[in-house]
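Colleague: In the order they appear, the protein sequences are chains A and W. Under my numbering, read the first sequence as residues 201 to 528, first letter to last. Under my numbering, read the second sequence as residues 75 to 375, first letter to last.
Please keep in mind that the hints were generated in silico from the structure rather than gathered at the bench. Keep in mind that a hint or two might mislead.
Stated by the list, open to error - To be clear about the criterion: a stretch of chain A counts as covered by chain W if any three or more of its residues have a C-beta under 8 angstroms from a C-beta of chain W, and this derived list gives those stretches:
hint : stretch
1    : 354–362
2    : 472–483
3    : 503–509
Stated by the list, open to error - The list that follows gives simulated cross-link-like pairs (lysine-lysine, DSSO-like), each with its CA atoms no further than 30 angstroms apart:
hint : chain 1 : residue 1 : chain 2 : residue 2
4    : A       : Lys423    : A       : Lys328
5    : W       : Lys269    : W       : Lys201
6    : A       : Lys423    : A       : Lys331
7    : A       : Lys328    : W       : Lys201
8    : A       : Lys331    : W       : Lys106
9    : A       : Lys331    : A       : Lys432
Treat the numbers as computed from the prediction; the structure is a model and nothing was measured. The C-beta atom is built at its ideal place from N, Cα and C for all residues, glycine as well.
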Amino acid sequence: MSNSLSEFLVRRLVSFVFMLFFLLTAIFVLFRVMPGDPTAMLVSGRLTEESRQAMLENFGLNKPLHEQYVVFIRNALQGDFGISFFYREPVADVIFPALVNTLMIMLPALALVMVIAYFWGSVVGWNKGTKLDRWGTYIPVSLRAIPHFILGLALLIVFSYNLGWLPTGGMGPIGGADQSVTERLTSPTFYKYAALPFTTALLHYIADPMMLMRNNIIGEREKDYVELHRLKGLHPRQVRRRAARNSMLPLLTWLTPMIGVAFGGQILIEVVFSWPGIGRELVLAAQRQDMPVAQAAFFMVAVIVLLTNLVVDLAYGYFDPRISYGKT
Amino acid sequence: MINVKKYSDSASRARRIAWDFFHPVFEDRWGKFAITVLGVYVLIGIVGPYLPIPGPFEYLQTSSGQYAQLEPPSAEFPLGTTYLGYGVLSQTIHSFRTSLTVGVLSAVLVVTIGVNIGLVSGYYGGKVDTVLMGLTDMAYGLPFYPMAIILIAIFGSGLYTIAAVIALLFWRSVARVTRSEALSLREREFVKSAKAAGSSDVKIMYYHLLPNLVPLILIYFVFAITWGILLEASLSFIGLGDPDTVSWGLMLHEVFGSGELTRAWWWVVVPSFTLWLFIWSLYVVARTLEDNATVSAKGGA
Numbered sequence: 201m202s203n204s205l206s207e208f209l210v211r212r213l214v215s216f217v218f219m220l221f222f223l224l225t226a227i228f229v230l231f232r233v234m235p236g237d238p239t240a241m242l243v244s245g246r247l248t249e250e251s252r253q254a255m256l257e258n259f260g261l262n263k264p265l266h267e268q269y270v271v272f273i274r275n276a277l278q279g280d281f282g283i284s285f286f287y288r289e290p291v292a293d294v295i296f297p298a299l300v301n302t303l304m305i306m307l308p309a310l311a312l313v314m315v316i317a318y319f320w321g322s323v324v325g326w327n328k329g330t331k332l333d334r335w336g337t338y339i340p341v342s343l344r345a346i347p348h349f350i351l352g353l354a355l356l357i358v359f360s361y362n363l364g365w366l367p368t369g370g371m372g373p374i375g376g377a378d379q380s381v382t383e384r385l386t387s388p389t390f391y392k393y394a395a396l397p398f399t400t401a402l403l404h405y406i407a408d409p410m411m412l413m414r415n416n417i418i419g420e421r422e423k424d425y426v427e428l429h430r431l432k433g434l435h436p437r438q439v440r441r442r443a444a445r446n447s448m449l450p451l452l453t454w455l456t457p458m459i460g461v462a463f464g465g466q467i468l469i470e471v472v473f474s475w476p477g478i479g480r481e482l483v484l485a486a487q488r489q490d491m492p493v494a495q496a497a498f499f500m501v502a503v504i505v506l507l508t509n510l511v512v513d514l515a516y517g518y519f520d521p522r523i524s525y526g527k528t
Numbered sequence: 075m076i077n078v079k080k081y082s083d084s085a086s087r088a089r090r091i092a093w094d095f096f097h098p099v100f101e102d103r104w105g106k107f108a109i110t111v112l113g114v115y116v117l118i119g120i121v122g123p124y125l126p127i128p129g130p131f132e133y134l135q136t137s138s139g140q141y142a143q144l145e146p147p148s149a150e151f152p153l154g155t156t157y158l159g160y161g162v163l164s165q166t167i168h169s170f171r172t173s174l175t176v177g178v179l180s181a182v183l184v185v186t187i188g189v190n191i192g193l194v195s196g197y198y199g200g201k202v203d204t205v206l207m208g209l210t211d212m213a214y215g216l217p218f219y220p221m222a223i224i225l226i227a228i229f230g231s232g233l234y235t236i237a238a239v240i241a242l243l244f245w246r247s248v249a250r251v252t253r254s255e256a257l258s259l260r261e262r263e264f265v266k267s268a269k270a271a272g273s274s275d276v277k278i279m280y281y282h283l284l285p286n287l288v289p290l291i292l293i294y295f296v297f298a299i300t301w302g303i304l305l306e307a308s309l310s311f312i313g314l315g316d317p318d319t320v321s322w323g324l325m326l327h328e329v330f331g332s333g334e335l336t337r338a339w340w341w342v343v344v345p346s347f348t349l350w351l352f353i354w355s356l357y358v359v360a361r362t363l364e365d366n367a368t369v370s371a372k373g374g375a
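Assemble the whole structure, with the sequences as input and the hints as a guide.
Modeller: Structural data, given as structure tokens:
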């Protein structure tokens, strides 16, 4: 068993590294087949030809392609994505704070989605066919059909514009931009700003895992051990809890592709609420043709998605000892 | 997973399989409603641009000769006007065609790519399968919207680019499901006898296997239309859509950008509602088809 486990680990790690290189190469190629001059952004008309050349040299854009590739990979692996064309500062300084801002909404939202989906899904599934089940599934599924940004706009109009309870966007009052992460997380104002983007994400993501959990527990209900627990005289709630625990694995698998999807959804939420996250930065960079920021933002998101896949795969093996690490 | 009756004889049965599979949608109350909605949407998409209404980018004027900016809905301006004086009704109606075009175009591309890759991968197995599924796994590793944004930034925005991007990113799920179906189908008697009778691989795949995949393809076709419409709307909303083609996403982008969210409620509500209803109806149809596929599997067919 341990032998096949280590084999599995090695195989997963190799494929992770392979994907990483594939992604970097894809980014490199994509941004070089881009029509138009990537330096056009740099030449604002006031630059002389000499300073333009100097700029090109700065960004390594004058070297032959294969050398650019080597330089690109080496820098990328060190987290160095060059200088932003727009901000004129290192890309890392733009990207990392943005990434943290995105994760501040996304991680708690997904975590809460998992918890609610686990409990609510098992409750409605256990009571399949009742009124509770009908409404308890109907509402989340209807919410699910509303595109992110429309849901966001609706919340924005109701809670910010009409009721005036919450701010309309951004991450804090003007002047609060230089707060550290801990300062933010301990200030009540921050939560006022985070409330709407967080709620949007929560409402949007809740339906899928909840329905999944519901289906699982409906299947689990029929199993012999559930009947045994019932016959033993356990409280129905205790029986349900045991069945729920046994139907949670697919929920964990669901989380894997969900991280990627959530990054996508987060982009729209960030645009609606002007949340200075990595998704909004990516959109802005795309509009400004700010190549270094766009590729770094994309790369960071992709790496996080890959890492999550890796971790969930490993966790899956940990939670379910029945899984064999043979060929899948 | 999806497991419907297996028809063994020929491709000419594809239509009957499709009907067997499709008719429960018409028996379900919500399904009927959704199908009606979709019918109306298709109708408006076809005739919309020929209706006697102003163009989507035509400035409207009030009776006193002024530009009709942010006029609330009235007899003169049904559904009101936008900040620049365009008719919300006219823009909404012209958007039907945009959405339908993107949706259907991307669905055709998604299904074509996905089914072919899945079929070849599942039928041949072995090294072909390893390579193609490796490719699929990689496609799964890509975060969807970020990738789409990058591709749009590089190749420029337009309806065809958007459809192509959707196809490039969504074939993966279709390929995976098709493959697993093809894997189980190829072990069945009718494939073995076709092989024994000397049918070529291509004939077996497209003549004997493919008709059995029709229900699956239909489900994914509907899902792919939904993805296409959602993606076009989202990209347009964040300002990366085709600026010359009116769409619900573009309308929402403009109302959001103009800062008139509260005042011009008609400008927000109308495109939001049409878009939501479209997606909701497609979901209902796709879900009913999916349910039906699993139910018939349990029914021991």
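Colleague: None of the hints should be skipped; say for each whether it holds.
Modeller: Structure-based check of all given hints:
Closer than 8 angstroms: that is the beta-carbon criterion, and the stretch 354–362 of chain A has 5 residues meeting it against chain W, so the requirement of 3 holds. Here the stretch 472–483 of chain A counts 4 residues with a CB under 8 angstroms from a CB of chain W, which clears the bar of 3, and the coverage holds. Check on the stretch 503–509 of chain A: 3 of its residues sit with their Cβ under 8 angstroms from a Cβ of chain W, so the three-residue criterion for coverage holds. Annotation: proposed proximity of Lys423(A) to Lys328(A) holds, straight-line Cα distance about 16 angstroms (limit 30 angstroms).
This hinted pair checks out: Lys269(W) and Lys201(W) have alpha carbons roughly 21 angstroms apart, not beyond 30 angstroms. With a C-alpha separation of about 24 angstroms, the suggested pair Lys423(A) and Lys331(A) falls inside the 30 angstroms cut-off, and the hint holds. Restraint check for Lys328(A) and Lys201(W): the C-alpha separation of about 45 angstroms exceeds 30 angstroms, so the hint is violated. For the hint linking Lys331(A) to Lys106(W), the alpha-carbon distance of about 23 angstroms falls within 30 angstroms, and the restraint holds.
A hinted pair counts as satisfied when its Cα atoms are at most 30 angstroms apart, and Lys331(A) with Lys432(A) qualifies at roughly 29 angstroms.
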